[in-house]
Amino acid sequence: MNTVGSADNRALVDALTKTGVEIRDGGDADAVAGVRPAYVALPVTAEETAAVMRAADEHDLAVVARGAGTKLDWGIAPYRADVVLDLSRMREVLEHAAGDLVVRVEAGCPLDDLRAVLAEKDQRLALDAPVPGATVGGTLATATSGPLRLAYGTARDLLIGVTMVRADGVLASSGGRVVKNVAGYDLGKLLTGSLGTLGVIVSATFRLHPVPSRRAYVRAPVSGPDRAHAATQAVLGAQAVPSAVEYERGARGGGAAVTVLLEGGADVPARAADVAALLGGGAETRDEPPAGFGAYPVGPDGTLIKLIAPVADLPYVLTALDAAAEATGLDPAVRGSSGVGVLYAGLPGDAAPDDVGAFLAALRGALASRDGSAVVLRAGPEVRDVVGMWGPVAGLGLMRRIKARFDPDHRLAPGRFAGGI
Amino acid sequence: MARRFREIVPDGVITDPAERETYACDGLTYHAAVPALVVLPRTAEQVAAVVRECVAEGVPYVARGSGTGLSGGALPRTDGVLIVTARMRRIIEIDVANQRAVVEPGVTNLAVTKAAAPFGYYYAPDPSSQQVCSIGGNVAENSGGAHCLKYGFTVNHVTGCEIVTPDGEIVQIGGKTAESPGYDLLGAFVGSEGTLGITTKITVKLTRAPQAVKTLLAGFGSTDEAGTAVSEIIGAGIVPAAVEMMDALAIEAAEAAVACGYPEGAGAVLIVELDGAHAAVEHEFAEVERVCRASGAFEIRIAADDHQRGLIWKGRKSAFAAVGRISPAYIVQDGVVPRTALSGVLHRIGELARDSGIRVANVFHAGDGNLHPLVLFDDGVEGEGARAEEVSGAILDLCIEHGGSITGEHGVGVDKSKHMPRMFTEEDLDTMQLVRCAFDARSLCNPGKVFPTPRLCGEAPGVRRGAHPLVESGQAEQF
Chain L
1 MNTVGSADNR
11 ALVDALTKTG
21 VEIRDGGDAD
31 AVAGVRPAYV
41 ALPVTAEETA
51 AVMRAADEHD
61 LAVVARGAGT
71 KLDWGIAPYR
81 ADVVLDLSRM
91 REVLEHAAGD
101 LVVRVEAGCP
111 LDDLRAVLAE
121 KDQRLALDAP
131 VPGATVGGTL
141 ATATSGPLRL
151 AYGTARDLLI
161 GVTMVRADGV
171 LASSGGRVVK
181 NVAGYDLGKL
191 LTGSLGTLGV
201 IVSATFRLHP
211 VPSRRAYVRA
221 PVSGPDRAHA
231 ATQAVLGAQA
241 VPSAVEYERG
251 ARGGGAAVTV
261 LLEGGADVPA
271 RAADVAALLG
281 GGAETRDEPP
291 AGFGAYPVGP
301 DGTLIKLIAP
311 VADLPYVLTA
321 LDAAAEATGL
331 DPAVRGSSGV
341 GVLYAGLPGD
351 AAPDDVGAFL
361 AALRGALASR
371 DGSAVVLRAG
381 PEVRDVVGMW
391 GPVAGLGLMR
401 RIKARFDPDH
411 RLAPGRFAGG
421 I
Chain V
1 MARRFREIVP
11 DGVITDPAER
21 ETYACDGLTY
31 HAAVPALVVL
41 PRTAEQVAAV
51 VRECVAEGVP
61 YVARGSGTGL
71 SGGALPRTDG
81 VLIVTARMRR
91 IIEIDVANQR
101 AVVEPGVTNL
111 AVTKAAAPFG
121 YYYAPDPSSQ
131 QVCSIGGNVA
141 ENSGGAHCLK
151 YGFTVNHVTG
161 CEIVTPDGEI
171 VQIGGKTAES
181 PGYDLLGAFV
191 GSEGTLGITT
201 KITVKLTRAP
211 QAVKTLLAGF
221 GSTDEAGTAV
231 SEIIGAGIVP
241 AAVEMMDALA
251 IEAAEAAVAC
261 GYPEGAGAVL
271 IVELDGAHAA
281 VEHEFAEVER
291 VCRASGAFEI
301 RIAADDHQRG
311 LIWKGRKSAF
321 AAVGRISPAY
331 IVQDGVVPRT
341 ALSGVLHRIG
351 ELARDSGIRV
361 ANVFHAGDGN
371 LHPLVLFDDG
381 VEGEGARAEE
391 VSGAILDLCI
401 EHGGSITGEH
411 GVGVDKSKHM
421 PRMFTEEDLD
431 TMQLVRCAFD
441 ARSLCNPGKV
451 FPTPRLCGEA
461 PGVRRGAHPL
471 VESGQAEQF
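Protein chains in written order, with the numbering used here: chain L, 1 to 421; chain V, 1 to 479.
Check each hint, because a few of them may be wrong.
[Unchecked claim] Some residues of chain V that are not near chain L, with every Cβ distance over 12 Å (derived):
| hint | residue |
| --- | --- |
| 1 | V332 |
| 2 | E389 |
| 3 | H402 |
| 4 | G411 |
[As the list claims (entries may be wrong)] Covered stretches of chain L, as calculated for chain V (at least 3 residues, CB under 8 Å):
| hint | segment |
| --- | --- |
| 5 | 106 to 112 |
| 6 | 150 to 163 |
| 7 | 369 to 377 |
| 8 | 392 to 399 |
| 9 | 404 to 412 |
Calculated directly from the structure, the hints in this document are not laboratory data.
The structure displayed is predicted, hence computed values, not measured ones.
All C-beta atoms, glycine included, are put in the ideal place defined by N, C-alpha and C.
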């Protein structure tokens, strides 16, 4: 555990205290991927958050925003983290306009809390939370998504307005509270997935969807990559309008299956029967999700890799995974949205870092020819030190220029993002 | 410059004043400016070379697709170059297995759907100009359409763009994959109204053509009743493909133009379209019909086939042009209010019309609160144009007052840049400007659009306190 760039002096404490925001010393539990902050700030309003950022700007402090802290070790370890800006006290659902199918919510609100509020009106934010306990802000900053993305897109598609605090402490918004709106640039899309490197999200407005009255999960075993591909393509090309088409397989290639989620009303059983017929023998239909549906294939201590490729390259990706596994002796568990072309591979946390590096290199080599990518979302420190987390990133020059405009002093989670951003 | 452009695009440089004049405006005809030069490149390399030439000379440039935009986004500069993508109209690939099409920017929106149709797919965003508007223009404007209530906008359907940056570089962002690592550059680019660069190749999602489509036309006594029906439908948890409303004056215009035969004496008509799996559509359609009757619909027609569906849509799709039959001139407004505020806002628009003596016909995407009031006036009558402008502006005020937007799909362009400060704070606009400056520090790419006052980007900020020490010292590269 090391504290980089710590700046614990009197003037600084005074400056932070003067913001009126509750400040406490950072401890080991506050470390951001191993970097312990000197302070934790606990603002309760957007204005307080802005005040902390202004103080940080004046005193040259690096800041990492935190929601529930469930994905704080995602990305690369920041090279400075003086202050953790803890937004967990900003957890209000500010406005649920049920008639407009819109909700405005503070960044620190846990998705579970939001779900409960929306459910009172039979509505939902159609965005899965693959990591339990995540907040709205953390979900946006990491752009996590799950099975429902096939039908509803990801956070960037559901976010219609955002308010952020800039690196210089200025509050700014884009979008609004209506779904249809093309006025001005969409800052929300830039912030989504930026790992807190462009601004601190303080509130967000989402479009909502009705909660379906019925669901069916049709699950069928698939014997190999080609069968998985055939099942996925058959469902996508049919007329069942699935909400999700998921693939999973355990370690040692065991228990490979495709699961199709259908949502709706009284029509669901008929559509599920159509899908079951498409998937052929062995298809089972249930009302409840199969175990692990939508979860990552590895626990919080493992190495989590996101594999992105065109949908039709599924057999190629699965075969490449097998080849990389064989070459390294590693045994990845795989799960993800085969209907979208986004899979997750998980490796145990105790896998030898060099093996993980070789595994990644093999995968990236294979994916490069298909415009695919393999990004390490999360890895332990030993692995993080030896592998490139991002791999090749197209448009990095533009990304660096955006960072330079938004955060010229590299104050926000510096070094956490691609290309040293 | 014309000479150098001819070296880049030998047969695609227009200098003749009369020919240049035909490019003086887009669909918003009351803003016009004859461009100093017009270039019609055929390749991304040519676009890039033209942009680099403009950069070298410090000359502003504007990109234009089919010129159907309704906010003056493609309004040229008299001191600048107009880069027209109309000759870049190849459909490069229809990739069914990946549900993608790869097209050049000059390809029309409908051409994508037509090319995908034989495979059972279509391109979902459907602006009403879809027969002529270009995909490149759709990307610039983040175009919507009647069906975006269910399917979303252009930004939800574009997965890749090859762009020529304002530095004249060709950069590929995204592709056939659902997403790409790094910042969401595509999300920033789509809808930036041509101010962040020029797209030269676009990868779009293709959507499976629905198994069933069912369309209903309901006549109501008033827009209030029709509005109640809309709220009830949404409240029932149904997400229709489209919900469109027209008021009495808009119906009158449509009847005069295309004799669409809508229910006689209706104060409002509602078009509701459902699509999807057969079983789902049947189930929900019964509910929609019930809700319409309960809300006071005095006549309901259900399209039995494609021909009848076409008839139902005919009146709606002709509405903008149709008001030409009942008024010498008109302004097409585009504002958004929360759906629940629709009824109140329509009443206020009615009051505005009465008080000013300026008639307003209302045609709108009721499902998402996107109003298209048509403000009618006689440009032969002294001062009426100015009064119509006032009414049109006051309608936008209503939208902002109710927490809506000054534009739902037409864009800000030159037309509404002056209204931006009413919707956004100075800080909001400054922050958007950071994006602008990151892409185009020289402010030569479609300058004067979107933002109310021209701003300078200043020095591109240096990295004052530096990157990671290891990166800086060359010992490591972080990815």
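Checked hints:
1. Against the 12 Å criterion, V332(V) stays outside the reach of chain L, whose nearest CB is about 15 Å from its own CB.
2. The beta carbon of E389(V) is kept farther than 12 Å from every beta carbon of chain L, the shortest such distance being approximately 19 Å.
3. The Cβ of H402(V) sits about 9 Å from the closest Cβ of chain L, inside the 12 Å cut-off, so the non-interface label is violated.
4. Against chain L, the non-interface label of G411(V) is violated: not every CB pair exceeds 12 Å, the least being about 6 Å.
5. For the segment 106 to 112 of chain L, the assignment as covered by chain V is violated, since 0 residues bring a beta-carbon within under 8 Å of that chain's beta-carbons and 3 are needed.
6. Beta-carbon proximity to chain V at under 8 Å applies to 4 residues in the segment 150 to 163 of chain L; the threshold of 3 is reached and the given coverage holds.
7. Counting residues of the segment 369 to 377 of chain L whose C-beta lies closer than 8 Å to any C-beta of chain V gives 4; at least three are required, and the coverage claim holds.
8. Coverage of a stretch by a chain is defined here by at least three residues with a beta carbon nearer than 8 Å to that chain's beta carbons; for the segment 392 to 399 of chain L and chain V the count is 8, and the condition holds.
9. Under a criterion of three residues with beta carbons nearer than 8 Å to beta carbons of chain V, the stated coverage of the segment 404 to 412 of chain L is upheld, 6 such residues being counted.
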